[in-house]
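Participant: Spelled out from the first residue to the last, the chains are:
2 protein chains.
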Amino acid sequence: MKYPKGSRQSHYTSLSNKQSYKTNDAFANRGMTLEKEIVESNNYYLESGKAVIHKKPTPVQVVQVDYPKRSAAVIKEAYYQKPSTTDFNGIYKGKHLDFEAKETKNKQSLPLTNIHPHQVKHMKRIEQHGGISFLIIRFTIKDETYLLPLEPLLVVWEQQELGGRKSLSYPFIKEHGYLIPFQLQAKVDYLSIIDDVYINGGD
Amino acid sequence: MKYPKGSRQSHYTSLSNKQSYKTNDAFANRGMTLEKEIVESNNYYLESGKAVIHKKPTPVQVVQVDYPKRSAAVIKEAYYQKPSTTDFNGIYKGKHLDFEAKETKNKQSLPLTNIHPHQVKHMKRIEQHGGISFLIIRFTIKDETYLLPLEPLLVVWEQQELGGRKSLSYPFIKEHGYLIPFQLQAKVDYLSIIDDVYINGGD
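These protein sequences, in sequence, are chains G and E.
Just so you know, the first sequence maps onto residues 19 to 221 in the working numbering.
Just so you know, the second sequence maps onto residues 19 to 221 in the working numbering.
Treat the hints as calculated values from the structure; they're not laboratory data.
Quantities reported herein were computed from a predicted structural model and do not represent experimental measurements.
Treat the hints loosely; a few may be bogus.
Think about it this way: if two alpha-carbon atoms lie no more than 30 Å apart in a straight line, the pair counts; the simulated DSS-like pairs of lysine-lysine are [claimed, not checked]:
no. : chain 1 : residue 1 : chain 2 : residue 2
1   : G       : Lys94     : E       : Lys68
2   : G       : Lys74     : G       : Lys94
3   : E       : Lys111    : E       : Lys139
4   : E       : Lys120    : G       : Lys94
5   : E       : Lys139    : G       : Lys68
6   : G       : Lys111    : E       : Lys142
7   : E       : Lys160    : E       : Lys125
8   : G       : Lys142    : E       : Lys68
9   : E       : Lys74     : G       : Lys94
10  : G       : Lys120    : E       : Lys160
11  : G       : Lys87     : G       : Lys68
Residues from chain G that face chain E, not an exhaustive set, calculated with beta carbons under 10 Å [what the hints assert, rightly or not]:
no. : residue
12  : Leu52
13  : Ile109
14  : Pro129
15  : Thr158
Some residues of chain G that are not near chain E, with every Cβ distance over 10 Å (derived) [said to hold, decoys possible]:
no. : residue
16  : Tyr62
17  : His72
18  : Lys113
19  : Ala119
20  : His134
21  : Gly149
22  : Ile159
23  : Lys160
24  : Gln178
25  : Asn218
The C-beta atom is built at its ideal place from N, Cα and C for all residues, glycine as well.
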């Protein structure tokens, strides 16, 4: 699945402007696969009876709805809202799981602007009540996906509030996070990490 | 907050048709308060550090989006989707909670058509994985709200599939459910029932 470094880049630059735009778009879509792969992994977990984890729908503020006779209501005007919690939650081995997935095309860090303050607050609350909360972070270009527990995230988050660095660096994530293995049925097999780190002890 | 029996009813019947329509509409809105009251109770639980329970956004299938320059994306065509899980979930005392809220103007039963088969399937999965799943049912006219655990719901659900009655009768809910007390800060104080029935044992 990995391309030799730069091969993709040189392919793009040989295309005309318009095609290049389209191809870059396709590349952007490839960058959007983390969420899709987690949803697929969750489906596998669900069907195999391992866990019940769902993605929350994106909240939408509906302004105008039409009710045509004999057919479904049509939303005519609505706006995306900022989610006040995380993207995914559910239950695994009796534990409440709650996490957010982020991916970046950066090679060296994930900017903290990707994470909202109310999401961090929510994650803290989850752990205070006995749940498990974490980030799944993908470095698209490296094709590496990490599970970063809440604790190291909080360290960087609080340092940022005191004027510290405004991103999670790749070496930091590599040191404090766990590389999520690729599995054929669960492409983002994060539950294997949950087992090692949270359920069977460790860290 | 409780009116003498029938007083509300007689007030409506003395109104003209048109007014009556409007008033009934307002009455219908009053019927929509259960969800709102649960959301408010959840806010109270959240702020007081008791539990973290959120309503999931209604899933919407977006067909067309406009991206005006310098302003937020506008959804121009979208449709409501059937939720595949329940309305509410979260964590309380380390336990995963997952439930659905239903209200009815019927006096004698809640029709099972109010509950989708995939929701029942979801609720069963939650309990299989060690979570707590239940219904909150309000009889609007009686002004009574019950917590009905999954188990009695399943009994009626499975009998229905074999040709049994297609509703949860009021006497059945009264017998197998728990009347949720009204509290000033948590108007639907279902966590008090969770404590009695699930956390501190009982039933």
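Participant: All hints, please: hold or fail.
Facilitator: To see whether the hints hold, each was checked on the structure:
1. Under the criterion of a C-alpha separation no larger than 30 Å, the hint pairing Lys94(G) with Lys68(E) is inconsistent with the structure, at around 39 Å.
2. A C-alpha spacing of about 22 Å is found between Lys74(G) and Lys94(G), which places the hinted pair at or below 30 Å, so the restraint holds.
3. Simply put, Lys111(E) and Lys139(E) have alpha-carbon atoms about 24 Å apart, close enough for the 30 Å limit, and the pair holds.
4. Proximity of Lys120(E) to Lys94(G) is assessed by CA-CA distance (about 27 Å); at most 30 Å being required, the pair is judged to hold.
5. This hinted pair checks out: Lys139(E) and Lys68(G) have alpha carbons roughly 15 Å apart, not beyond 30 Å.
6. Between Lys111(G) and Lys142(E), the direct Cα distance comes to roughly 15 Å. Compliance with the 30 Å bound is thereby established for this hinted pair.
7. The straight-line distance between the Cα atoms of Lys160(E) and Lys125(E) is roughly 7 Å, inside the 30 Å bound, and the hint therefore holds.
8. This hinted pair checks out: Lys142(G) and Lys68(E) have alpha carbons roughly 14 Å apart, not beyond 30 Å.
9. For the suggested pair Lys74(E) and Lys94(G), the alpha carbons sit about 22 Å apart, so the restraint of at most 30 Å is met.
10. Proposed proximity of Lys120(G) and Lys160(E) is contradicted: the alpha carbons are some 48 Å apart, above 30 Å.
11. With a C-alpha separation of about 44 Å, the suggested pairing of Lys87(G) with Lys68(G) is violated against the 30 Å cut-off.
12. A cut of 10 Å between beta carbons decides the hint on Leu52(G): the least distance to chain E is about 20 Å, and the hint is violated.
13. Checking Ile109(G) against chain E by beta carbon gives a least distance of about 4 Å; that is within 10 Å, so the hint holds.
14. Residue-level restraint check for Pro129(G) is violated (minimum Cβ-Cβ distance to chain E is 21 Å; threshold 10 Å).
15. Below 10 Å, beta-carbon pairs count as interface contacts, and Thr158(G) has none with chain E, the closest being about 23 Å; its hint is therefore violated.
16. Under the 10 Å C-beta cut-off, the non-interface status given to Tyr62(G) relative to chain E holds; the minimum distance is some 14 Å.
17. With a minimum CB-CB distance of about 6 Å to chain E, His72(G) fails to clear the 10 Å threshold, and the non-interface call is violated.
18. Not every C-beta of chain E lies more than 10 Å from that of Lys113(G), the closest at about 8 Å, which undercuts listing it as non-interface.
19. Distance check on Ala119(G): its Cβ is at least 17 Å (rounded) from any Cβ of chain E, clearing the 10 Å threshold; non-interface status holds.
20. With a least beta-carbon separation of about 15 Å from chain E, His134(G) lies farther than 10 Å from that chain, consistent with its non-interface assignment.
21. The Cβ of Gly149(G) sits about 5 Å from the closest Cβ of chain E, inside the 10 Å cut-off, so the non-interface label is violated.
22. Separation of Ile159(G) from chain E is adequate, the least Cβ-Cβ distance of about 26 Å exceeding the 10 Å criterion.
23. The Cβ of Lys160(G) lies farther than 10 Å from every Cβ of chain E, with a closest approach of about 30 Å, so its non-interface assignment holds.
24. Listed as a non-interface residue, Gln178(G) keeps its Cβ farther than 10 Å from every Cβ of chain E; the least gap is roughly 24 Å.
25. Consistency note on Asn218(G): stated as away from chain E, and its beta-carbon is indeed over 10 Å from all of that chain's, at 17 Å minimum.
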